[in-house]
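Student: If you read the sequences in order, they're chains G and U. Taking our numbering, the leading residue of the first sequence gets 1, the next gets one more, and so forth. Taking our numbering, the leading residue of the second sequence gets 1, the next gets one more, and so forth.
These are calculated hints, taken from the structure and not from any lab test. Hints are supplied without guarantee of correctness; some may be wrong.
Here are the computed distance ranges between Cβ atoms for each label pair [stated by the list, open to error]: (1) 162/U to 90/G: 37 to 45 Å; (2) 65/G to 189/U: 39 to 47 Å; (3) 11/U to 16/G: 30 to 38 Å; (4) 72/G to 10/U: 43 to 51 Å; (5) 97/G to 196/U: 50 to 58 Å; (6) 89/U to 21/G: 21 to 29 Å; (7) 55/U to 83/G: 54 to 62 Å; (8) 208/U to 21/G: 25 to 33 Å; (9) 16/G to 235/U: 17 to 25 Å; (10) 79/G to 208/U: 50 to 58 Å; (11) 52/G to 169/U: 41 to 49 Å; (12) 47/U to 18/G: 15 to 23 Å; (13) 196/U to 21/G: 23 to 31 Å.
Far from chain U, some chain G residues (derived; all Cβ distances over 12 Å) [as the list claims (entries may be wrong)]: (14) 8; (15) 18; (16) 35; (17) 65; (18) 75; (19) 82; (20) 88; (21) 95.
From the three backbone atoms N, C-alpha and C, an ideal C-beta is built for every residue, glycine too.
As a plain string of letters, each chain reads:
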Amino acid sequence: MCTYTTERLRVAGSGKGPGEWLRLRTATVYVDHPVHAMAGHTVNVDLADPDRGPAARVALELTAGSALDLVDAILDALAGVPAEVVDLDPGRMEGLRAARRGTRPAVGGP
Amino acid sequence: MRDAFESGTMSLTGHGGDQIEAYAALPAEGAGRGGVVVIHHMPGFDEATKEITRKLGSWGFAAVCPNLHHREGPGAAPDDAAAASRAAGGVPDDRLVGDVAAAVEHLRGLPGAGGRVATIGFCSGGRQSVLAAAALDVDAAVDCYGAFVLEPPPRDRGLAVGPIRDRLRDLRCPVLGLFGAEDRYPSPEEVAELDRVLTDQGTPHEFHSFEGAGHAFFAVDRPSYRVEAAVEGWRLVRAFLGRHLAPVPGSGG
Chain G
1 MCTYTTERLR VAGSGKGPGE WLRLRTATVY VDHPVHAMAG HTVNVDLADP
51 DRGPAARVAL ELTAGSALDL VDAILDALAG VPAEVVDLDP GRMEGLRAAR
101 RGTRPAVGGP
Chain U
1 MRDAFESGTM SLTGHGGDQI EAYAALPAEG AGRGGVVVIH HMPGFDEATK
51 EITRKLGSWG FAAVCPNLHH REGPGAAPDD AAAASRAAGG VPDDRLVGDV
101 AAAVEHLRGL PGAGGRVATI GFCSGGRQSV LAAAALDVDA AVDCYGAFVL
151 EPPPRDRGLA VGPIRDRLRD LRCPVLGLFG AEDRYPSPEE VAELDRVLTD
201 QGTPHEFHSF EGAGHAFFAV DRPSYRVEAA VEGWRLVRAF LGRHLAPVPG
251 SGG
């Protein structure tokens, strides 16, 4: 099916688009038919700078498993650094670390 | 040669007077065998949809496919324009109807046109084909696995597109529905209910659900392609359009 469910958010950062770097401003996330990936449905992410036209985007089409693996990797990477290094609200960072501790089996004794 | 046609990109004055891109396949013998408006799926005005438009042209129908995402991405690649359209909230229903109306008018104005025009749409375009047929004076409509005609999408967050149950009573033309028995959107239950609704209101229609096929079984460039369903589906489409777009004797078309 063509799903209509679409998550839209503002983002800040950069991405390498077709031939050059872009200042990313928006992200669109949805599950729908891919253009290129060989799957019926994928998690599609468009990271874009709308001011520079429709082609100014970095597009991802990931299988659901790959998308979740990527989310885990991003969260683990962030949880492993001090909050001030990435200029993240300390409360948000503490919540992230607590959540990540809950997702992995404990290693060794207490 | 009865199968000769010319195809290419053209400009169409769409909803609100906007100039939008469209792709046309126009038979060399003229538009006497009828016209078809092709409504592309949400991934956009892509090569596969243009191939469908050419297929209809090779069958002798004058076919026009408006680029529903043109406004969000004039001149952009179809995938980029589709992404921009989604980010902007999708294709509004009234704009869709206006763009299809412009394509219908264009087809009826072609040399030799007999005046009969159908709509055909795939995936999100299936719903839009039914919507356009309810809103406009057309002679036939084909719905290829269009979801959310009767029921809303599973989540309310996303694009401003909803069910069109209350528009169905305006349908005045026959409808051909082609569905995959393994599709979940639309589910076999929703297809059966739509079948009942059209029967109850007296809309002539024929529905076919193909075993072993799910959504998008016509899509030759996707893993969802199912050759048996697609071959039989195209046979049904050709026969349906041939019946309902045939020139009226004495009309000059």
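Student: CB of residue 55/U to CB of residue 83/G, is that within 54 to 62 Å?
Tutor: 58 Å Cβ-Cβ, so the 54 to 62 Å window holds.
Student: Is the nearest CB of chain U more than 12 Å from the CB of residue 82/G?
Tutor: 34 Å, holds
Student: With 12 Å as the threshold, tell me whether residue 95/G passes as away from chain U on beta-carbon distances.
Tutor: Answer for residue 95/G: holds, closest chain U Cβ roughly 23 Å.
Student: Take the C-beta atom of residue 16/G and the C-beta atom of residue 235/U, compute their distance, and say whether it sits inside 17 to 25 Å.
Tutor: Hint violated: Cβ distance 47 Å, outside 17 to 25 Å.
Student: Can the suggested window of 25 to 33 Å be confirmed for the beta-carbon pair residue 208/U and residue 21/G?
Tutor: 50 Å, violated
Student: Taking the beta carbons of residue 65/G and residue 189/U, is their distance inside 39 to 47 Å?
Tutor: The hint (39 to 47 Å, Cβ to Cβ) is violated, given that residue 65/G and residue 189/U are roughly 29 Å apart.
Student: Verify the CB-CB distance for residue 47/U and residue 18/G against the hinted window 15 to 23 Å.
Tutor: Taking Cβ atoms as reference, residue 47/U and residue 18/G lie about 19 Å apart, which means the hint holds.
Student: For residue 8/G, is the shortest CB-to-CB distance to chain U above 12 Å, so the non-interface label stands?
Tutor: Residue 8/G is in fact no farther than 12 Å from some Cβ atom of chain U, at 6 Å.
Student: Given the range 43 to 51 Å, decide if the beta-carbon distance of residue 72/G to residue 10/U lies inside it.
Tutor: 49 Å, holds
Student: Return holds or violated for the Cβ distance of residue 97/G and residue 196/U against the range 50 to 58 Å.
Tutor: 55 Å, holds
Student: Is the distance from the Cβ of residue 162/U to the Cβ of residue 90/G consistent with 37 to 45 Å?
Tutor: 42 Å, holds
Student: Would you say residue 65/G is clear of chain U, with no C-beta pair closer than or equal to 12 Å?
Tutor: Residue 65/G clear of chain U: closest Cβ-Cβ about 16 Å, beyond 12 Å.
Violated hints for the displayed structure, listed by number in ascending order: 2, 8, 9, 13, 14, 15 and 16.
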